[in-house]
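J.: Chain residues, written in single-letter form:
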Amino acid sequence: MRKRVANLIWRLMPLALAFALAFALFAGTGFDAAEIVGGLIEGAVTGNGALPNTVRWAIPLVVIGLGIAVSLRAGEFNIGAQGQFLMGSVAAVWVALRWDLPQPAVYLAAAVIAIALGAAWSCIAGVLKVLWGADEVITTLMLNFVALQVVVWITTSPLKDPLTSGDAASTSRIDSSLRFQGSGEYSPELIVLALLLIAGVWLLLERSGLGLALRLTGANPTAAQCQGLSVRRVRLWSYLIAGGLAGLAGALEVFGPAGRVVTGSTPTLGFTALVVATVGSLTVSGTVSAALFFGGLQAAILYLPIVSDLPPSGLRIIEGVVALLITAQLAAVLRRRRNSNRIPASSGEDAAESPAAKGLL
Amino acid sequence: MRCSGLRVRFGDVVAVNSVSVELPRGGIHALIGQNGAGKTTLARTIAGLQEFESGSVEVNGVSIPSAGYLDAREAGVDMVHQHPSLIPDLTVAESLELTDPSATHRPYSRQRVERRWKEYLESHGVRVDVRRLVRDLSVELVQSVEIARSNPGVGGLLILDEPTAALPPSRIEALFERLRATAAQGVTVLVVLHKLAEVRDLADTVTALRAGSVVLDTTPLGHTSDAELSRRVVGAALATPKPSASRHAADASPAAIEMRSLCCKGRAGDSPLRDVDLTVKPGEIVGVAGVEGNGQRSLVDVLVGLEAPSSGLLRVLDANIAPLSISDRRDLGIRVIPFDRSAEGMAGELPLWQNVLSWDAGSFRSRKGLPLVSVARMRKAAKERLAAFSVVYGDIDQPASSLSGGNAQRMILARELPGSKVLIAAQPTRGLDIGGVHAVWGAFREQASKGVPILIASSDLDELLEHTDRLAVMRGGSVVAVHEHPYDVQAIGEDMIGARTDA
Amino acid sequence: MEEFIASTLRSSVPLAYAGVGCLFAIRAGIFHLGIEGLMLSSAFAAVGIAHETDSVLLAVAGALVVSAALSVVYWATIDLLHADSIIAGLGLTTLSVGGAAFLLDVIFDQRGRLDSGVGLPRPIKGAQAGISSLVTDLSILGWFAPLFVLLCWLVLRRTAFGLRITAVGSYSYGARAAGIRESRIRLHAMLCTSVGSSLAGVELALGGLRAFSEDLTGGRGFIALAAALFGQLNPIGTAFAALFFGSANAIGVVTQIHSVDVLPRPFILMTPFVITILFLTLSAIATRRAARLRRERIVAES
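Chains as they are written, first to last, in numbering that gives the first Met the number 0: chain G, 0 to 360; chain S, 0 to 502; chain A, 0 to 301.
The hints are simulated quantities; they were obtained by calculation from the structure and are not laboratory data. Take the hints with a grain of salt, since some may be wrong.
So these bits of chain S aren't anywhere near chain A, every CB distance computed over 10 Å [stated by the list, open to error]: (1) T39; (2) P83; (3) R115; (4) Y119; (5) H123; (6) R231; (7) S252; (8) S260; (9) P281; (10) E291; (11) L331; (12) S362; (13) R366; (14) G441; (15) S458.
Just some of the chain S residues that point at chain G, by a computed CB distance under 8 Å [what the hints assert, rightly or not]: (16) R329; (17) P337; (18) A342; (19) L349; (20) Q353; (21) A360; (22) P370.
Backbone N, C-alpha and C define an ideal beta-carbon position, used for all residues, glycine too.
Use the sequences and the hints to build the structure in full.
T.: Printed below as a string of structure tokens:
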């Protein structure tokens, strides 16, 4: 137990360090750090309507973040969640606006198509990687930009809301009877759905053959192969799951708080979800906690201008510094320092060669 | 060169324990010992590439601090590593230029550099196109370049770590010639070897290590016999090979593993398979001996399913397994102990129970009919398996990397042996202590007595001699001979290095 | 046609600087996703300084300093703290995006955009008629780009420093055995990368628009990385890859100017990214093929 607490503290150190650095920057540029902290707490927890807003942002983060955790667990750097999310919301809004179906059928069709489109988007990179070795980091990034242009297209031509333009260009709103929630209130449907997804991913990772195979493949693909696992199939599954979850998150956003697709509304949600998954050490419980935390941060930053004049870009700074530092293995560094550091060519492998995801698991 | 009271430790393992050795200036000195005796560690320590805990190293009167490889270089120590240290993505000339300490920041002329190293290599008897990338050269050529490069200067110390491991016999003699010439120029040569014949051929004196301690100190070769050396190295008189208990009935039954004219491209760094003919009968333990890099790896890969055969027959348990996937082969009962325990055999960061049973998760379906596995039952089964193979561990959730070498190998046995119908093992005892070696062979025996055919590739000839029923020798990707009891050690050795068959 | 070539050249210049610059990091073994961030913060620093001082020289110097400082931070997190280079690189980019927007707001009290009074000089003036926009449009950095590429080629392929960078990225064990201080080489490689990305950012901000906007780089840093991979990690190859990606971008620009209605504009804007994916895949296939052929040759020779 004590070891667990110590472990947790080590994991949270980079987070604390990142916040300290970000707040030092805010203080250095003339903001009152105490006021910001107060504002953050008020905006995330204590303020009027703060908690529903925190949950509102935590839901997409947790759904996308769990998919990313699955990817990284399998050793695949699928960082295309943003694009997969956007494709999911495009699919959902298309179904809701263009298809004249009874309400349950709309939900079903939108969910199925959003999941399929997100998964397909993810699998483009997956197939290119698994079959031909195209680097998934670049391809998933590029697919994000392509997806963004798809969003630009639907918000400027086929489903355009004529009153909007530029970054605020959006599709028309979906029928309000289809929506789960307005802004500033809890949505029981979304919460229940999110809890079901959390349970599902937990079962998948901790209680299924595929989950065990994912881990083995991520930890040592050669060993996995020698033990008869189909490494290719396992990797493709990781792309399917991550893309499907991100696509579903896109649909939930459309039927939930957003009600439409806006070109520039959530440009970094996928990235924040990546931070959430890494802060949560790729575990389900960790990802859920981190999603609540960053959901709170997001809610508070949107709320902050009311209490403090900190610009919303402050949130990006915090996220950036957290991502920069979160994978730092402070514990390992300190241990090494103690053992002195003069071995030039000893233990064969070192940081430069270790697989990227090693520090995360 | 003089070192005294040297002690090197890796975690809990003492690799070199209060070693004191003094090499006279000049001459060729051999350092021998079994796998894991601490030869490489001692060599690296002297070259300043390894930290030591206590003791001292002195070369030509200059004291070399722990891991002080720059000091060692100053003192004229140069080391040729067992693994090549040339850079695969650079050309030969560039790779050599990189090690030139007199290099400046000014741009160089490619022609000049290439001419320089071409001439240098030719003057050392190595003919190679220096404009080729290092990765495009064979292992053997890379090593020749590497040995040619090492140049400690007159009065210096040249250390070579198992330089003959990757070389074909024809090259070994050329290497020895060169080392003799180097020594004649006034360089002291310390060479790690593990073949007695090579020691006899090359060295003036021999130092033997066993389990991290000196058991024979810089003794002129004339003063010692082969039997004496073997006894010192092994710790007891070399056990005379005896037929193992499991040889019953093996002769009459049909082959369980059958390879006929099997060819395979093989993996990088190892010889491809050329027309391999080999059979293993039920209950038989067949060893595969050979100098490393002569196709043993490719042979294991093709049996396991990591590589596809390009032609020939590959039958196991009366089934043509060539088209089968790895998991189909596992379903047939083919199990494998891979070459490299930590790189291929286990996922160090995952808990023990996952390492033992993840591959078989399908057999632990939860009873409620859901497509889920019962982790509780998996843990229980993993505990039983680990107990059956006496793996010592604290918690079934601890990461596999926390196990010591012997325990880790037993964990792999616990994964592979139960339910096996055919066993392929590679280097099953590398780096294990006596107890670990015993456990592994005991387990193999037991499997064999149940009728499981076992094929074992190992670079430890002694253990193959002691434990196998038949011994195949591989050279250049083919099985050049299959020896039966009683083994003629001399003939086996000659087959390995190619001294007799081609004649 | 002329318009297309001019547009290609203009789009290629920043890609060439950033792409060739990031070769140093990639060859040293670091897949540097912070390039995008370095470009953006350099652009911001350049425009900010130019806005205040009207000095192009100070602006470029400031951009170089900012980019170098961020590179040292990135190096420290991955080399000293052993952070994961991909996630830390994305973090660096996000930090830069956030930092630029934040400082834009705090220092200049602007949202989203800042104009600069001055821009990079254009050596050939277009005042008199008859001179093609091919040459008049190019800034001094555009003219300097081929020289930069050659210089990087010289450093990477013809100096001991370049050999060391490759050694560190290609085979750590061998690099250490050759007595190379890996950490220091990685730092130096990262600083070289920071110069390339910084000049790319300056060219984007002061070469054409004379303004900074939050989406100025728009993923060009990532395309530059793809250009480096596509160019087989060779400076000359990367420069040609940059030209190629630049022409893909130019198609979009030209069709937009002439409002050619073959495809909706977003589909034209996504072409560079789609082409990047396609060519990355092709080059991955080619690399695998080459590796297989190479192995067969070694086998045949032995």
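J.: Minimum C-beta separation from P281(S) to chain A exceeding 10 Å: can you confirm that?
T.: holds, 34 Å
J.: Using 8 Å as the Cβ threshold, decide whether A360(S) counts as touching chain G.
T.: Constraint on A360(S) satisfied, holds at 4 Å.
J.: Using Cβ atoms and 10 Å as the threshold, tell me whether H123(S) really stays out of contact range of chain A.
T.: With a cut-off of 10 Å, H123(S) remains clear of chain A, as the shortest Cβ separation is near 19 Å.
J.: Is it correct that the beta-carbon of S458(S) has no partner in chain A closer than or equal to 10 Å?
T.: The claim stands: S458(S) keeps its Cβ more than 10 Å from every Cβ of chain A (closest is about 20 Å).
J.: Check the non-interface label on S260(S): least C-beta distance to chain A beyond 10 Å or not.
T.: S260(S) clear of chain A: closest Cβ-Cβ about 18 Å, beyond 10 Å.
J.: Take a quick look at L331(S) and tell me if its Cβ sits farther than 10 Å from every Cβ on chain A, holds or violated.
T.: L331(S) clear of chain A: closest Cβ-Cβ about 29 Å, beyond 10 Å.
J.: For the hint on P370(S), just tell me whether its beta-carbon gets within less than 8 Å of chain G.
T.: Nearest chain G Cβ about 7 Å off; hint holds.
J.: Is R231(S) truly not at the interface, in the sense that its beta carbon sits beyond 10 Å from all beta carbons of chain A?
T.: Non-interface label on R231(S) holds, nearest chain A Cβ at 31 Å vs cutoff 10 Å.
J.: Beyond 10 Å from every chain A Cβ: check whether that's true for S252(S).
T.: holds, 36 Å
J.: At 10 Å, judged by beta carbons, does S362(S) keep clear of chain A as stated?
T.: Given a closest Cβ separation of 36 Å, the condition holds.
J.: Taking 10 Å as the cut and beta carbons as the points, is Y119(S) off the interface with chain A?
T.: Label holds. Min Cβ-Cβ 16 Å, cutoff 10 Å.
J.: Please verify that the nearest CB of chain A lies beyond 10 Å from E291(S)'s CB.
T.: holds, 14 Å
Going through the hint list in order, the structure does not satisfy hint 2, though it satisfies all others.
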